[in-house]
Amino acid sequence: MNDGPTTQNLLATALSVLREDILPGVAPEQKHEVLMIANAMAIAGRQIALAPEMDRRELKNLLNLLIESNSGNNINDLNKLLIGEIMKLAFDLPCPRRDKIYAHLVETTLGKLEISNPKYLKSTSA
Amino acid sequence: MDEQIKDLEVLIRQAADARQVKIVRFQQMSGGAIQENWLADIEISGGKHDGLLEAVVRKDAPSSVEYSRSRRQEFELLKVAFAAGVTVPEPLWFFETAGATKTSLVIMRRVKGVAAGHRLVRDETVRTRSRDLVFSLGRELAKIHAIKLNDPALSFLGQADKNPAIQAVERYQAYLDSYHTPRPALYWAVAWLKEFQPQTSDIVLCHNDFRTGNIMVEDGAVTGILDWEFTTWGDRHADIAWFCAPCWRFGAVEREAGGIGEREDFYHGYEQQSGKIIDRSVIKYWEVMASLRWAVIALQQAERHISGGERSLELALTAHIVPELEMDILTLTKEAS
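Sequence order for the protein chains is D and A. Under numbering that gives the first Met the number 0, the letters of the first sequence match residues 0 to 125, in that order. Under numbering that gives the first Met the number 0, the letters of the second sequence match residues 0 to 336, in that order.
Mixed in with the good hints, there may be bad ones.
Short derived list, chain A residues pointing at chain D, Cβ under 8 Å [said to hold, decoys possible]: (1) P181; (2) A184; (3) E194; (4) P197; (5) C246; (6) F249; (7) G250; (8) V252; (9) E255; (10) L316; (11) H319; (12) E323.
In short, the hints are calculated from the structure, not lab data. Heads up, the beta-carbon is just placed ideally off N, CA and C, and yes, glycines get one too.
Could you build all of it, start to finish, from the sequences and the hints given here?
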């Protein structure tokens with residue numbers, strides 16, 4: 000049994016040391032790189048915290064959306080089916096099915112943004 | 000490296016018809032996932048460049064994405080643009096070094112200023128002069144678009160696509176088809192772009208990467224339009240929309256012209272210089288295209304890190320830009336065209 004600090008705790012602690020103790024003393028030409036490291040660690044931390052639930056939700060929504068497809072539980076296979084349907088959509092007339100797919104894409108993308116760039120969500124109130 | 004500098008001194012001495020050439024400063028500049036940029040201070044004795052030449056040396060990086068131009072072609076493009084009165088760094092020499100690793104080098108006069116997008120959109124002087132700045136950027140773009148299609152110096156660009164919109168969409172779709180993970184939101188853009196494809200094209204010389212981040216600015220004024228490696232024939236609206244697309248505003252989303260100023264001021268500069276009226280109704284189409292294009296490039300760049308053997312944190316992080324682009328696509332296409 001590994002009873003040390005959790006992966007998330009380790010990452011968060013290392014990240015705060017990097018930001019608060021290291022970054023202020025970094026030479027200007029290396030600042031960009033250190034900021035990239037901090038960004039990568041923050042993304043990794045959010046990935047660990049959020050990705051499992053995000054994947055579960057995406058799968059559940061895909062199964063709901065593609066209820067008649069009987070194509071198993073694999074996200075990639077289901078997304079391929081969804082893509083097949085997207086490529087046949089018409090965009091110029093009202094279409095409830097299209098709206099449903101759109102809502103699903105927005106929800107999935109918002110989930111990805113929570114991991115990749117939560118600041119974007121704040122800046123655009125998307 | 001020292002040997003490379005000596006080789007370069009010899010090349011410049013011959014090209015500049017000088018008695019003596021000494022590179023007194025040579026250091027790598029940031030930026031350039033596709034090519035390397037070096038800052039070079041060159042002391043030249045004799046010839047017409049006698050004196051201290053402040054230059055930039057552009058060098059090929061190990062690999063490239065999309066279909067980027069060779070250094071030689073980029074040099075030719077810079078010469079044509081310089082002659083057409085576009086504000087670009089003056090192109091001086093092109094060299095191809097022989098030896099085990101064949102390298103192409105472009106030497107150009109250094110221009111002062113800042114190009115970094117995130118700095119530019121927060122710069123106080125830029126903020127106070129934003130109106131003039133985006134107006135003049137509109138004029139710069141119009142000057143590029145006025146370059147003649149039949150200029151023999153640009154014959155290497157080949158023939159223009161008849162319908163660049165549909166050809167681009169098909170290229171991006173082919174990449175997404177071959178990509179290991181299905182990305183439904185990007186296919187949403189493909190399907191939307193196919194449905195609303197423009198009936199006619201207005202073909203010009205497109206810079207193809209004209210955006211904040213590739214524009215050098217000093218004291219709130221343009222000093223150089225940079226990065227000509229994607230330049231090709233294309234629809235004029237593609238360049239206009241690339242500059243205004245949400246993905247190139249560096250967080251300053253409310254300033255729709257490149258995160259710098261008002262969209263209409265940019266359009267007016269373009270219209271005044273070109274004498275053409277921009278068809279506002281097609282710009283959204285090309286902003287969706289811009290978001291899809293950048294998403295495909297970002298996936299390609301991340302792949303260079305993941306499976307291409309090029310370990311790079313910058314390339315790795317590029318993958319995390321894609322969800323923003325997907326969201327931009329969804330927001331832009333919420334209502335039909």
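Does A/F249 pass the interface hint, meaning its C-beta sits closer than 8 Å to a C-beta of chain D?
violated (10 Å)
Grab the minimum C-beta distance from A/E255 to chain D and call the hint holds if it beats 8 Å, violated otherwise.
Violated, because the Cβ-Cβ distance from A/E255 to chain D comes to roughly 12 Å (cut-off 8 Å).
With a cut-off of 8 Å on the beta carbons, see whether A/G250 makes it to chain D.
Nearest chain D Cβ about 6 Å off; hint holds.
Do the numbers back the hint for A/P181, that is, is its least Cβ distance to chain D under 8 Å?
holds (4 Å)
Chain D contact restraint for A/V252 - C-beta distance below 8 Å
holds (6 Å)
Against chain D, is A/H319 within 8 Å by beta-carbon distance?
The hint holds - A/H319 has a Cβ within 8 Å of chain D, the shortest such distance being about 4 Å.
Closest C-beta approach of A/E194 to chain D relative to 8 Å, hint status
holds (5 Å)
When the nearest CB of chain D is found for A/L316, is that gap smaller than 8 Å?
Interface hint status for A/L316: holds (6 Å vs cutoff 8 Å).
Given a cut of 8 Å on the nearest C-beta pair, is the interface hint for A/P197 held or broken against chain D?
Status violated, d = 15 Å.
May I ask you to test the interface hint for A/A184 with respect to chain D, counting a Cβ-Cβ separation under 8 Å as satisfied?
holds (5 Å)
Report holds or violated for the interface hint on A/E323, using the least CB-CB distance to chain D and a cut-off of 8 Å.
holds (5 Å)
Does the closest beta carbon of chain D sit nearer than 8 Å to the beta carbon of A/C246?
violated (10 Å)
The structure is inconsistent with the numbered hints 4, 5, 6, 9, although it conforms to all the rest.
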